[in-house]
Each structure stands twice: as structure tokens, then as C-alpha cells.
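Colleague: Which chain is which? The protein sequence lines are S and R, in order. For this note's numbering, count along the first sequence from 1 and bump the result up by 469. For this note's numbering, count along the second sequence from 1 and bump the result up by 469.
Please keep in mind that the hints were generated in silico from the structure rather than gathered at the bench. Glycine included, each C-beta is placed from N, C-alpha and C at the ideal position. Treat the hints with caution; some may be incorrect.
As the list claims (entries may be wrong) - If you want the ones that stay clear, here's a sample from chain R, every Cβ over 10 angstroms from chain S, calculated:
#1 672
#2 815
#3 854
#4 973
#5 1042
Stated by the list, open to error - The calculated PhoX-like cross-link candidates involving lysine-lysine, where the alpha carbons are at most 20 angstroms apart (straight line), are:
#6 S/614 <-> S/731
#7 R/963 <-> S/573
#8 S/963 <-> R/573
Protein chains: 2
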Amino acid sequence: MYRTNTCGELNLTNVGNEIVLSGWVHRIRKMGGMTFIDIRDRYGVTQLSFDLEVNEELYTQANKLGREWVIKVEGIVKERSSKNSNIPTGDIEIIANKLTVLNKSKTPPFTIEDDTDGGDDLRMKYRYLDLRRKAVRKNLELRHKMTIETRKYLDHLDFLEVETPTLIGSTPEGARDFIVPSRMNQGEFYALPQSPQLFKQLLMVSGFDRYFQIVKCFRDEDLRADRQPEFTQIDCEMSFVDQNEILNTFEGLTKHLFKTLKGIDIPDFPRMSYADAMKYYGSDKPDTRFDMQLVEMKDLTKGRDFMVFDSAPYVGAICVEGCAAYTRRQLDDLTNFVKRPQVGAKGLIYLRYNEDGSLKSSVDKFYSEEDLKLWAERCNAKPGDLILVMAGETDKTRKQLSDLRLEMASQLNLKDKNDFKCLWVVDFPLLEKDEELNRYFAMHHPFTSPKPEDMHLLDTDPGAVRANAYDMVINGVEVGGGSIRIHDRELQNKVLSVLGFTQERAQEQFGFLMDAFTFGAPPHGGVAFGLDRMVSLFAGLDSIRDCIAFPKNNSGHDVMIDAPSKIDKEQLDELGLSLVKLKE
Amino acid sequence: MYRTNTCGELNLTNVGNEIVLSGWVHRIRKMGGMTFIDIRDRYGVTQLSFDLEVNEELYTQANKLGREWVIKVEGIVKERSSKNSNIPTGDIEIIANKLTVLNKSKTPPFTIEDDTDGGDDLRMKYRYLDLRRKAVRKNLELRHKMTIETRKYLDHLDFLEVETPTLIGSTPEGARDFIVPSRMNQGEFYALPQSPQLFKQLLMVSGFDRYFQIVKCFRDEDLRADRQPEFTQIDCEMSFVDQNEILNTFEGLTKHLFKTLKGIDIPDFPRMSYADAMKYYGSDKPDTRFDMQLVEMKDLTKGRDFMVFDSAPYVGAICVEGCAAYTRRQLDDLTNFVKRPQVGAKGLIYLRYNEDGSLKSSVDKFYSEEDLKLWAERCNAKPGDLILVMAGETDKTRKQLSDLRLEMASQLNLKDKNDFKCLWVVDFPLLEKDEELNRYFAMHHPFTSPKPEDMHLLDTDPGAVRANAYDMVINGVEVGGGSIRIHDRELQNKVLSVLGFTQERAQEQFGFLMDAFTFGAPPHGGVAFGLDRMVSLFAGLDSIRDCIAFPKNNSGHDVMIDAPSKIDKEQLDELGLSLVKLKE
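Same shape as in the complex, but just chain S (with noise of 0.2 angstroms):
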């Protein structure tokens, strides 16, 4: 037998009791004639104590052990003289009477500890060893946990878990699929999902009423520091609601876990149009941990010659408060912040609100301080307030004012890891318009269903087609999304044809989902959550990587298991396939 207890379960309650433990050698402490060894596992650490005086033998033994080495003592629990109240089973020790080594350990290329001197490339090579960690082990409990939550909330409300096939076929549409070479059919590809969309739909059709899944979705995409090309969602889908009953029990769903996962009570979540979104906070996943709302000014700033705003059909500021004093120096780098091509703005005006009452700005040329002060009331500025200014096309001046808002509040650190802001941003455009290919793009995906109210504009005005589409939206992260889906095959045919489909390849690539709405189709709707994004969202980590056990990099690559890599060309004759001549 390995253990009668693990390393984090002992306390006074135990003193006396004859027990034994197994796990990895933490750290070691020598102290004259005695040595102290804490003993690890994943539930926790147990100081074991050697005497040189009472078993010189067991104590040599023990002097040679090192750092990770997998060990099993057995011994009696004993009170310590000096507890630490720091961890559970600080108030005992174990006297140890037999060790046994399981398993010797090299040296580990970093510490194990919760502030690692281990770099990115080092941990990844050596994930097995990070996950020692407590601080990325407990980001994986807690990923475990929300599924263990998300299953229980959604089992009880009658939610099947269904699982659908990891290998589909392709579909052109939308981001770049991976595909799977099919022996047995040579010539033919499989795809891996993007999403179980069309399954989940067809499932409704089936009449199962209320679905979800925990699923691996793939995209083929070049990463970005915060994308995987496999990731995890929570893909739910219910029949016979409207949008309000799909927002109640998700919005109950995220409660549930901050209650159960975090002891957070959350509030009733704020339901904000796309448009309000755009309107006050530049961006349709506003973080409200806090203010500075846009505040529109064209009226306010017109026909003074000041050129850059009357020739700008939008003009807004934020207002930043208690920032008066900002220096020249301060003001000139966030004028540079948005001038950077991630922002690609033209430039910033300022204007001061000085705690004395008085006015300044970066163009007194052109207003005076009557203007000035009607931008302050309008900004509802107090004296030592600062206002930032910008103007240009509407959409990209909100967008880029966004931008500064959130600058801004990490500057302030208004970003508080532990606050969390949770609202539902609905009304979402039907479509988006790509101006240089001239075409219409479904801003949700082609099965989004447009409101009824909006539906004669279909024709005649497709941009302003608004939605029956929403995103859930915590602390300025886009965490799930979700629409009501056409359930009526005549419409998905107007829709796909406003998207630019022929009758022929909307056939091709839908006909079996087309098909299967003319055999009696629910009303149906439903959401996904991003599993990783939430979970680092509960962890306050910056990334998604740390949540996640073994993760791939930037690259594509997982360096511990070096994958991808070649393979013997025996594999792909199989496959009908050749490699065509690499790039120089």
C-alpha cells in the first residue's frame, strides 16, 4: 500500500496515528542534527521530521534524497513544536520510521513553485513538470469544476448531452477548416468542426428539445497570442423559446458558476443593444467595471474653423477623472498610443478641467472658454477632470476611442481582476458589409434569424437588419453568443441569397439542413461559451494557454510532443496524397 492519507489531510485530530504517505520530495531543510523534508502531492505538503539522534540510519537516508524525488514514508503524526499556520496541516509533523524511494528525479530545469524562474519556451517544453505547479494545477480543478457545474445546472434543467461527430465534411464559408485525408475513401476529406452548428440545429429538429455539449471545436487560423487551434465550447441549443427564455437560463447558467465556483453573488445581467454598445462604449463587448462613456460632441464643436472636427461627421470624448494634471509628457504618450497602427488614429485633443475651475485645451485657437465649458457640462466633468477628444468616420473614431477608454483604465487600474461585470449586448446587425469585396457577410452565421420587425428591409436595406443575435459580455471579454435560428427553409434561402449564395451552392453545402427544415422544424435558438475564455476570465489569468493542460504555441506547435511533424511517406501513399515542392 502507497498511502493511508495523502500529503494534505492531517491534522491535530490524527496526532498519534500510525500512517503513510507518498509523493515528491518539495523542499529539504537541515537544521543541526535534525531534517526536515516536505513531503508533496496534489492535495497538499506534510512536514516530515528525521532525527539523527533517534535513527542515525533514516536520517543519513533521508540527507540523500533530492528535490522531486518520488518517495514513501511511513511514520506517526505528531504535534509540531512550531506550527505554520499557513497551510492545513501545519500544526503536525510526521516522525518518520521507514523511507522508501519510488522513483529518483534529475534536477527540474526550473522550480517548482508558485513564482517559477522557468521561462514560457522551458515550461512548455517541460509542461509535465509546470503542472507540478499549484498555480497552473488549480486553474485545471477550476476548469474542471466549471464542467462539473455547467453539467449538473443544465442536467437539471432536462439539457441532453449529445455528442456529434468530430469528423464532417468542409464547408468554404467562415474561417479555415482543418481537414482529415480519408483512406478508405481516396480523394475525400473529412473536416473537423468549427462548431456542432448544423448538428445541434438538426438535433432540434429531432426534437430534442434541449441539447449541449462541451466540445473541442477546430479552426485553421493564424494564432494570435490568445487563440488556439483547438479550443473548447459550451454549445447549447433549446426548442420552443424566444430570445428572452434563452437569455434567463444563461444568464442563470453564469450565475450558478460564480455562486458555486467563486462565492459571487452576481447581479440581474444588463441587457445593452449593439447599438447603445457602439453608441457609449466604442465596442460590442464593453468592459463596465467603469465609466468613461462616450460622450458625442459634433454639436458642440462645429463652426468654429477648427477644421479636423467640422470636417469629421463624428466627434466624441471620454471624460478621465481626476486626470487634470496629467503632464505634457503623459498627454503626448497617450497621443501616441493612438496614433499607433493597432489604433491608427490622427491625433488626440485635450482639455483640462483644472481643479481651480479654469479651462485648457489643446485648441484654444478655436474655442473659447464658454465652448469649453459646454463641453465640460456635456461631459458632466468635474474641476480636475480630464477630456479626451477625437474625431473622424463614426464607426472607426468609436472604435478608437474604445481603444483609449481601456488605456486609460489601465492606467488607473480601474481593471479590477476581482469585479466582475456581466451584461448581455443584444439587436446585433444581421449582416456586415466587407466594403472592398462589396458583399454582405453574416455577422453571427448564415442560420442567425433576422427580427421580425426588420424583415422587409431584407431587400431594400440589408445593413440595417437587425438581429435576433447576442453576445454575453464579462469585464470587456466576449464570453458566449448566440442567436435565434431560421427554422423556416423559404427564409434561409432569402438569407443565403442575400449572403450571395446560389440556389445550387446553398444546396451544395446546406441541402441537408434545408432539407431537414421541410420535415416540420422547431423554433429553436441557443449559445456558446467559450470554455477557455471563461475559465482564465475566473482564474484573472491574461491568457487562455494557462488554462489549458498542453497547449500549443504561436506556431501551431506543441513543443513537449513536437508535434506536427513529418511522416513516413508509406502514410501518405496510403492516402492517395504527395507533397507538393516546399516554399524556398
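Could you slot chain R onto chain S? The hints should help.
Modeller: Structure of chain R alone, referenced to chain S:
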């Protein structure tokens, strides 16, 4: 609002309530001036009644509905005059006062009934309609419940569910991998996992202690009736345990599933050595719902000049209860059965132990009544029993007797689908020899630990080394299996070299695992269950296909979505691949 209630929950306590139901038109019955419509959803069926005399317009509207139309009905719950005790809602009906058609339906290509008139191909093409059938849906409901209960049980035991990657590296060892070309790394490939074996072992090295995952796995094999290219495993691993603790833990899980899903108390599982399983059942997955054990007869049959027996290293029999009166024709059929290429025997000897106590065999020429009496005694035969004897090479003949045993059980209806006999088969051989290739292969996989007491045979007689490996067998189906793993680098090297790996190939393929073993790997072991098989066993299905929502056919096709399929040349170009000319 689409509904106040589901179609499965209204009863006499609701009489008088105003309710709204939504669902599918299941059946329409017209009787005089009354029309009765059964409305169906996932939860049940409720009768709607429309009375010509009360509301002619509504009555006319109801009579225009078709099978599988989706409707919403508003009405009042009323006690039925003629009750139907077969369904939970059979005491009531709905007096409709408003009817809305939510979607029409074409006539489905087969009936949506438990006994449908649809053939397999049609059902698979319209799987979304097939899934409307309760008989199919309840298998998926069972699957959902099984995963919920599995997670509940393992979570309570501190197992953590950890997602391992789906895009991993290819290993030529074992079955064929599905591969996924990498676009970002042209000429390189991911593989889809056949199991998360290496990752779960690494998680043990990481100190995760108890891991599980319900996970999709992939195997590119030529498909047999009961194989799918993608399948689901309940995958588990534990540290600091011996074989017994693993068996007890997962025996506990299985008992929990039988208790919660079927209401059945399963007694403790017998543990049978592989050697005994082969000796008494001729199979490593014995069906123990019935006896008919194999009986060794060699010593009783020799020295009577019957060359077939004398030249055979093995003579064995089964005693079939109550079948002494089998006709000549029936016995010929059995002989033909064992001569089929799938069984491959040369012939079959019989001995009737007639009701009158007389003995009659097909080898009376060689054996006296005294001899045959000894045979009957050895077989514990009673008057009325039939003894069937086969001879030949030991392993082959045992396998043939096993086939015959299962055939007799089928003929005698001994395979009761509601009787569940579980056992562990233990002490599997570590290796099996491929006589053609004259090399050893791992019976489970190369990471299985040899039994310490057999370790000394690794060099001298590798085929005789037993492993700490075990299978869970229920009703003759191997539902799961696993082993204690090697956790020592030297031993792993040794076993890989017995398997014919050079140091270089071992390092190339399993280097990261072998390296991990040098950093303090704990003793560990685990098990994996086939979820599809487990569900189909619980559901009493003959194939795993009906417990999978969207299965593939025997050529790996999903005929509903038509996958796999051809892809655009541009997609291949991006991957740096081209198709070689297809075989004519």
C-alpha cells in the same frame, strides 16, 4: 410564449388549467364529429380534442394538419372519459381553443414509431427524423445519464477531468492514425489520438493523482460492423495505487452505473486469470451468463487408435444441457458451423447421453461404453445432455470451442439481455508473438508493466511474462481494460527493446515520456472504457451504432451530410498537398 408545459407532464391535478403546448402532430384520429390529435415532444404525448359542434372553424383547421407538422395549441385540461393507462398523460385531454401552425412538414420517408418501416439506409440518410423515434432517443438519453453519473462518481473520488489535445503527433506503432495536414508548417502533420495514453501518463508525472476524461478517440481501421472511426472512451488514470485498488475503484463505478441507470445491484466481480479464461472459456472475454465450460479430455481419449485425437495436443469438450435429442440434421448443422472459415475447425465429435442412460457417439468405433462413461463423468453430464468434442492445436481449438459454446447459448436462448454478469480478467500476458513476423507485440500497449515475479523471464522467455493488465468483461463483451504502467525509464527501455525498438526509434517516438520518467514519475496505472459499447450493452443493443447520434456507415461515410467529400484545389494548395492519381 410557446408553452406552459411539456407534452409529457399534464395529469388529473391539472384539470381545469389553461395551458399552452407545442410539439409535433404524432397521430390524427377522426371519429364522427370529433378529431383527436396526439401532440408529441421529447417528454411525451398529449391528446388534443377538437369538436365540430363546439368550434367548427378550429375543427376544420385541425383536420387540415398533417403528420409531423409543428403546432402550438392553447386550451384547457379536461379529464378523459375513456382513459389510456399506457401513458402518463392518459387520464386527461386538452380541449383546444386556439391552434397555430409553427411549421409544416412533408410526409416523412418512414414512420416515426418504435417499430419503423424505414430501412437502415433511409434511416441514416434522414437521421434527424430517425432520432425523433423514442426507441432511438432513449439510447441517447441513457448515454447522457451514463456520462453524468460517471462524472458524478469520479468527481466524488477526487478525479479531475482534464482535456488532452486532439491534434497530436503520429506514431507508426499500433493501429493506423488519422492525420491532419498543418498549413502553418507545410509538410508536417498532426495525428488524431487513438487514446490519450501518453498524456494521461504525463499527467501522473505532473502529480495530478487521479485523472479522467470522457474523450473522442480515432482509429483509421477498415470498419467492421461494430467499429466506428471515431469512438468515445471513459479514460482514467491513478497514481500511488496497486492493481487491486484500480479494480475496486472501477468495479465501484460500474456498480454505481448499474444501480443508478438500471436499478440493478451487481455483486462483487469475480476475478479470473487470463489462463483460466482461456482454459475454461476459450476466450479472454468469457460470457458467464451461462456455464458450458470447456472440459479437457486429452488424457481420457488417448491410446484408442483414434488418430484425430491422438495426434492433437488438445482435446476438449462442452456439455450442452438437455440436447441429447438433437437430430442428425442439427448435429450436421453444428459441424458445418464449426467448419465455417470464421471458426475454422476440421470437424466435430458428439456424444449423446440419452435420457435412458445409454451413450451414443460419432466415435463408437474407437471408444467403448466404459470410455464414454468416463467422458460423461468428466463433463458432469446428466442423462439428456449432449457432449461436443473438438481436437487440435490448443489455443485454436479452445477458440473454436468458445465459438461453438456461444452458438449453443444463442440456440438455447441463454443470452439474456437483462442479465448482467461482470468479471475482471487479470494476469494477461505482457506480449504476444506474431509467428509470421517472428517478433513480439505488446498485448495491451508498450507501457504496460510486467509482473515483478515474472521480470526475470523478460530475457529468457518473454512470451511467458505476465503483465499487471486487466480487462472488465460483461456478458462476453470487453467493456474496458487497463494496466499498471511502467514508471521507470530503465524498465521502459528494456520492454521497448524486447518489442524490437532500437534506442533511436524509442527515443524518437516516446522520448518525451522517457524523459518525463527521469523527473520523478510516480507508480501509476489506469483503465479505459468504451463508452459506446457500455451504452449499447446497458441498452440491450446489438450494435453500437444506435447509441451514437450521427454514426458513420461501414465505409466511414456520414450519408446524411455526405462526408467525407472532395475539397477545392485551393485548400490542398494551401496545405502543400496534391492528390496522386487515383487507382483505376
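Colleague: Next step is simple, just say for each hint if it's right about the structure.
Modeller: Structure-based check of each hint:
Not every CB of chain S lies more than 10 angstroms from the CB of residue 672 of chain R, the least distance being 7 angstroms, so the non-interface label is violated. The claim that residue 815 of chain R lies off the interface holds: its Cβ sits roughly 35 angstroms from the closest Cβ of chain S, which is beyond the 10 angstroms cut-off. Every CB of chain S is more than 10 angstroms from the CB of residue 854 of chain R (nearest about 47 angstroms), matching its label as outside the interface. For residue 973 of chain R, the requirement that its beta carbon stay farther than 10 angstroms from each beta carbon of chain S is met, with the minimum near 15 angstroms.
Remark: the non-interface label on residue 1042 of chain R conflicts with the geometry, its nearest Cβ contact in chain S lying 8 angstroms away (cut-off 10 angstroms). Restraint check for residue 614 of chain S and residue 731 of chain S: satisfied, since their Cα atoms lie roughly 11 angstroms apart, inside the 20 angstroms limit. A distance of roughly 18 angstroms separates the Cα atoms of residue 963 of chain R and residue 573 of chain S; the hinted pair therefore holds under the 20 angstroms criterion. With a C-alpha separation of about 18 angstroms, the suggested pair residue 963 of chain S and residue 573 of chain R falls inside the 20 angstroms cut-off, and the hint holds.
Hint violations for this structure: numbers 1, 5, all remaining hints satisfied.
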